[in-house]
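Given the sequences, and given the hints that come with them, work out the whole structure.
2 protein chains.
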Amino acid sequence: MTFECPTPVHEDEVVLLGHGAGGRLTAELLERLVLPAVDGGSGPLEDAALLPGYRELVVSTDSFVVSPLFFPGGDIGSLAVHGTVNDLAMRGARPLALSVSLIIEEGLPLSELRAVLASLGKAAQDAGVPVVTGDTKVVGRGAADRLFINTTGIGQRHGSLHPSAALARPGDAVLLSGPVGLHGMTVLSAREGLGFESDIASDTRPMHRLVSALVPLGADVHVLRDPTRGGLAAALNEIARDSSVAVEIDESAVPVPTAVASACDLMGFDPLVVANEGCLVAFVAAAAADDALAALRSVPEGASAVRIGEVLPEGEPGRVTLHTLVGARRIVDMPLGELLPRIC
Amino acid sequence: MTFECPTPVHEDEVVLLGHGAGGRLTAELLERLVLPAVDGGSGPLEDAALLPGYRELVVSTDSFVVSPLFFPGGDIGSLAVHGTVNDLAMRGARPLALSVSLIIEEGLPLSELRAVLASLGKAAQDAGVPVVTGDTKVVGRGAADRLFINTTGIGQRHGSLHPSAALARPGDAVLLSGPVGLHGMTVLSAREGLGFESDIASDTRPMHRLVSALVPLGADVHVLRDPTRGGLAAALNEIARDSSVAVEIDESAVPVPTAVASACDLMGFDPLVVANEGCLVAFVAAAAADDALAALRSVPEGASAVRIGEVLPEGEPGRVTLHTLVGARRIVDMPLGELLPRIC
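Residue numbers (our numbering), protein chains in the order written: chain A, 39 to 382; chain B, 39 to 382.
Honestly, the hints are just simulated from the structure, not real lab data. Relax, there's no trap hidden among the hints.
Covered, in the sense of this in silico footprint (three residues per stretch, anywhere, with C-beta under 8 Å from a C-beta of chain A), are these stretches of chain B:
#	stretch
1	64 to 72
2	134 to 147
3	155 to 169
4	185 to 196
Negatives, chain A to chain B, calculated, CB over 10 Å:
#	residue
5	Ser-202
6	Asp-328
7	Arg-357
8	His-361
Even for Gly, the Cβ is constructed at its ideal location relative to N, Cα and C.
As structure tokens, then:
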């Protein structure tokens with residue numbers, strides 16, 4: 039007979055909501071569990087991956103679990119198209135084909151499913167991308183929350199654009215194509231009935247046309263990223279880390295709609311960590327910054343594009359700082375990630 | 039003031055479990071709701087779709103919701119790889135790349151997630167396919183059942199193989215690569231604690247090597263299909279419909295393991311409608327049937343391949359009949375689909 043120590047059990051050895059929120063916990067889960075299992079982990083995590091043997095093709099996948107299914111400005115159907123089209127666009131690609139896979143909870147009214155699918159189909163048509171294949175699964179009541187949608191997209195890269203989260207360089211200008219915080223605060227407000235949802239709407243939209251506008255700038259476009267889960271703070275932190283650079287942005291330059299600012303104040307949120315679904319961050323060579331800004335503004339979805347900061351000539355690699363309204367500097371941390379579950 | 043009739047409400051106007059079971063209800067949902075919304079619906083529904091502009095590339099997507107997560111012979115991780123690798127293989131393609139998207143219920147033990155991912159990674163490695171991109175979402179307790187996995191695969195077609203569910207021709211031989219019913223009865227038994235799970239194991243395995251073995255037969259291979267949800271009955275009905283032919287199979291020729299037959303007897307199931315994850319149906323030109331059978335048998339996973347029937351020279355298009363053990367003939371219907379939810 040032998041005595042054995044029981045295997046130590048950590049209270050936190052289960053998956054937490056924050057593991058899916060796009061912040062530090064998500065990164066930990068990926069780095070410790072997911073990537074080692076699938077032989078990943080070399081190189082930066084991009085929004086879309088290159089297809090082996092076809093360097094012009096990129097692939098991106100996303101499962102959408104947003105709650106509620108319908109919110110001002112969109113629904114899970116349009117969001118599922120935009121999210122994947124945008125992940126492809128952030129690798130400089132136009133969308134070639136989408137797959138759509140549904141997980142439906144038994145009892146979902148067919149009228150709601152029909153409305154979601156109509157919206158999804160319209161969004162795909164507007165983005166000029168065919169839905170080429172799909173799958174439908176149904177699970178019992180209580181085994182899912184109404185409807186989840188996975189979309190996977192294949193895109194073809196514009197020959198001259200090869201943006202990557204690892205390509206930011208000292209001196210780069212940091213551009214933002216539109217205001218932040220709309221999607222996250224709209225969904226949160228609609229879900230919790232906070233009342234702000236009458237004043238704001240999600241910014242969900244396809245951004246491949248914004249990216250097309252940047253094509254003439256070619257290799258001067260170093261990084262493209264859509265600040266979804268974890269917001270602008272997460273996107274900038276990932277870029278600073280993957281490029282080993284220090285990034286500074288001006289608080290006064292970041293456009294935050296008044297209703298978003300009010301909602302964030304009330305809830306105690308930093309608008310920089312709130313998810314967006316219709317704006318992008320571009321890091322471009324300083325000399326090309328004005329042209330890039332003009333290119334973004336030439337497209338309706340980039341009409342309010344602004345320059346929000348720069349890559350510092352030197353500074354601690356991976357650090358993101360905010361030059362605040364009162365002239366101080368504060369560190370913009372990678373959000374831990376528990377604030378806003380099921381926002382996309 | 040006007041009086042309006044209330045919109046008629048049908049009791050069945052919600053999604054039912056059977057809508058996801060791969061039978062007639064699934065087909066109805068696809069034809070009435072999904073395909074019209076996404077501009078699909080022309081041509082047969084294949085296991086994988088051609089990528090626009092790249093005729094050698096095919097795409098397939100599947101969401102896996104199997105319950106329980108672990109079962110004799112496999113788990114949701116290996117199943118998620120095999121299912122998509124096999125859908126690509128059924129279009130005559132070898133797998134180039136996989137995406138993996140997780141929807142995790144808060145509270146799932148990390149040890150289980152780790153085990154599933156290790157199994158998924160090993161299955162991908164065994165099939166020689168890299169996982170190139172992924173996504174992780176977490177939903178609250180009760181908003182999902184432990185873990186769902188979507189895999190989407192991109193495959194490259196063997197130049198000489200262009201199988202399609204629409205290409206069956208009168209006189210074709212119908213081949214089956216192995217016994218039927220193992221996966222469905224194993225998962226059902228494990229879930230319900232029926233006790234059969236000690237005698238049987240899922241047949242989940244990748245089948246791209248079986249398909250490679252058929253490459254020398256080229257255009258004589260008319261149809262390849264893996265009889266998953268809805269079993270052999272659904273696969274044969276889909277082929278008969280899409281090719282407008284009549285198919286007849288011999289009951290005595292269809293291999294049903296004893297334990298599967300016992301379990302089916304007890305539960306009142308027809309083994310022909312039970313899901314498989316490791317055998318395929320091939321329709322080949324009669325003159326090539328012996329060579330095709332030899333090719334299938336040359337690979338370990340096809341060692342027990344048999345000829346089970348033929349496409350009748352004439353007969354009602356879309357009809358599948360079974361020549362029974364007692365010499366009678368009965369129609370093999372498309373299963374309605376409510377029998378075995380969450381089998382994959």
